[in-house]
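Asker: In the order they appear, the protein sequences are chains A and F.
Taking the numbering used here, the leading residue of the first sequence gets 1, the next gets one more, and so forth.
Taking the numbering used here, the leading residue of the second sequence gets 1, the next gets one more, and so forth.
It is worth saying that the hints were derived from the structure and are not from the lab.
Fair warning: there could be bad hints in the mix.
[Unchecked claim] Simulated pairs of lysine to any residue, SDA-like, Cα-Cα distance not exceeding 20 Å:
#1 F:K48 / A:K62
#2 A:K79 / A:F109
#3 F:K91 / F:L44
#4 A:K62 / F:I59
#5 F:K48 / A:I171
#6 F:K48 / A:E169
#7 A:K62 / F:G65
#8 A:K62 / F:E64
#9 F:K48 / A:V136
#10 F:K48 / A:D43
#11 F:K48 / F:I111
#12 A:K62 / F:Q57
#13 F:K48 / A:L60
None of the values given here were measured: they were computed from a predicted structure.
Take a look at the letters that make up each chain.
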Amino acid sequence: MVDRDQASLYTIEGVAAALLMIATATIVFQAISVYTPGDTHIDDMLLEQLGADALAVLDLPKGPGEASALEEMIATWDKDGFQSGFGSLVRSRSLVEGDDPVQYSAEVFYRVGNSDEVDSVFFTESVPYSGYEPAVRVTRWVQVRTPYHENLPAELPQSPQRTQMVLLEVILWRG
Amino acid sequence: MARLNDDGQWIVLMGFLISIALLFLMLIVSQATLVGQTTAEGVLEFPKHEIRDLRGQVIDSVGEGEFTRDISEDIRLLSLERNHALVQIDKEPGPLGTVMITIRFNNGVTIYEETLLI
Chain A
1 MVDRDQASLY TIEGVAAALL MIATATIVFQ AISVYTPGDT HIDDMLLEQL
51 GADALAVLDL PKGPGEASAL EEMIATWDKD GFQSGFGSLV RSRSLVEGDD
101 PVQYSAEVFY RVGNSDEVDS VFFTESVPYS GYEPAVRVTR WVQVRTPYHE
151 NLPAELPQSP QRTQMVLLEV ILWRG
Chain F
1 MARLNDDGQW IVLMGFLISI ALLFLMLIVS QATLVGQTTA EGVLEFPKHE
51 IRDLRGQVID SVGEGEFTRD ISEDIRLLSL ERNHALVQID KEPGPLGTVM
101 ITIRFNNGVT IYEETLLI
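All chains should be built: construct the whole structure from the sequences, respecting the hints.
Answerer: Written as structure tokens, this is what we have:
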């Protein structure tokens, strides 16, 4: 039998070229990321960061030893102030108005009197939360100082009139 | 009988090596997805905002002399009920007229402890 392996170099070249093409195709197709349900935590993470940042901005003291805007909003139960302050902060990423429709619903949790019970009172919201939207939750501690403002809902001032720490909870979603 | 033709052995060997190399590359690619997922989940679960907020509020409150047992109990109970975290704040007199505050935070995944002189 005659040896006929003169073309084996071409064969190797063919194999190498094929591998190169497959690798290129793989890289190109992987560059287009497919959004799977398992990736939603990335969006949640962004939304949570946005909400926490907005609350942190509102909770910045106006001066040394002074109360923050957020503390004043809760202390005077200023729903409109929260709507304009927080609402514009969470939606200010987009240059076009209404292009980034982040919705929120805020609630205040407090300790009942000096007991071991926790209760909540509704604060404000942009649109009613249906319970079906995938939402994230951000919280912020707020001090409510004495003397209490007359606008505070009746549940919130606790029986021994004292400065208390309440937890502002904001539910955030895109809708 | 014709002589055994074994000239192409090194082509077979090359193919074998390349397939093994591809196998390892595939392992790396599949692990990368998993690593990205767990990293993102770790970031999501890490209570960065909660700890920062708690720390800031306690420092403010102690600095203004408004930190009482009632406030400490508010924080403990609300953390437990709403943030699923055990929080304990101890206040002791520190050196040179300062106040020594110990904040302990534990939500089952993240444990944080800090002692401050205010």
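Asker: Does each hint hold? Answer for all of them.
Answerer: These are the hints, each one checked on the structure:
With a CA separation close to 24 Å, the supplied pair K48 of chain F and K62 of chain A exceeds the 20 Å bound. With a CA separation close to 16 Å, the supplied pair K79 of chain A and F109 of chain A stays within the 20 Å bound. Restraint check for K91 of chain F and L44 of chain F: the C-alpha separation of about 31 Å exceeds 20 Å, so the hint is violated. The straight-line distance between the Cα atoms of K62 of chain A and I59 of chain F is roughly 17 Å, inside the 20 Å bound, and the hint therefore holds.
Between the alpha carbons of K48 of chain F and I171 of chain A the distance comes to roughly 18 Å, so the proposed pair stays at or under 20 Å and holds. Restraint check: the Cα-Cα separation between K48 of chain F and E169 of chain A comes to about 16 Å, which is no more than 20 Å; the hinted pair holds. At roughly 19 Å between alpha-carbon atoms, K62 of chain A and G65 of chain F fall within 20 Å of each other, so this suggested pair holds. Between K62 of chain A and E64 of chain F, the direct Cα distance comes to roughly 15 Å. Compliance with the 20 Å bound is thereby established for this hinted pair.
Taking the CA atoms of K48 of chain F and V136 of chain A, the gap is near 15 Å; set against the 20 Å cutoff, the hint holds. Between K48 of chain F and D43 of chain A, the direct Cα distance comes to roughly 17 Å. Compliance with the 20 Å bound is thereby established for this hinted pair. Only pairs whose Cα atoms come within 20 Å are accepted, and K48 of chain F paired with I111 of chain F is accepted, the gap being roughly 11 Å. Between K62 of chain A and Q57 of chain F, the direct Cα distance comes to roughly 15 Å. Compliance with the 20 Å bound is thereby established for this hinted pair.
Proposed proximity of K48 of chain F and L60 of chain A is supported: the alpha carbons are some 17 Å apart, at most 20 Å.
In summary, the numbered hints that this structure violates are 1, 3.
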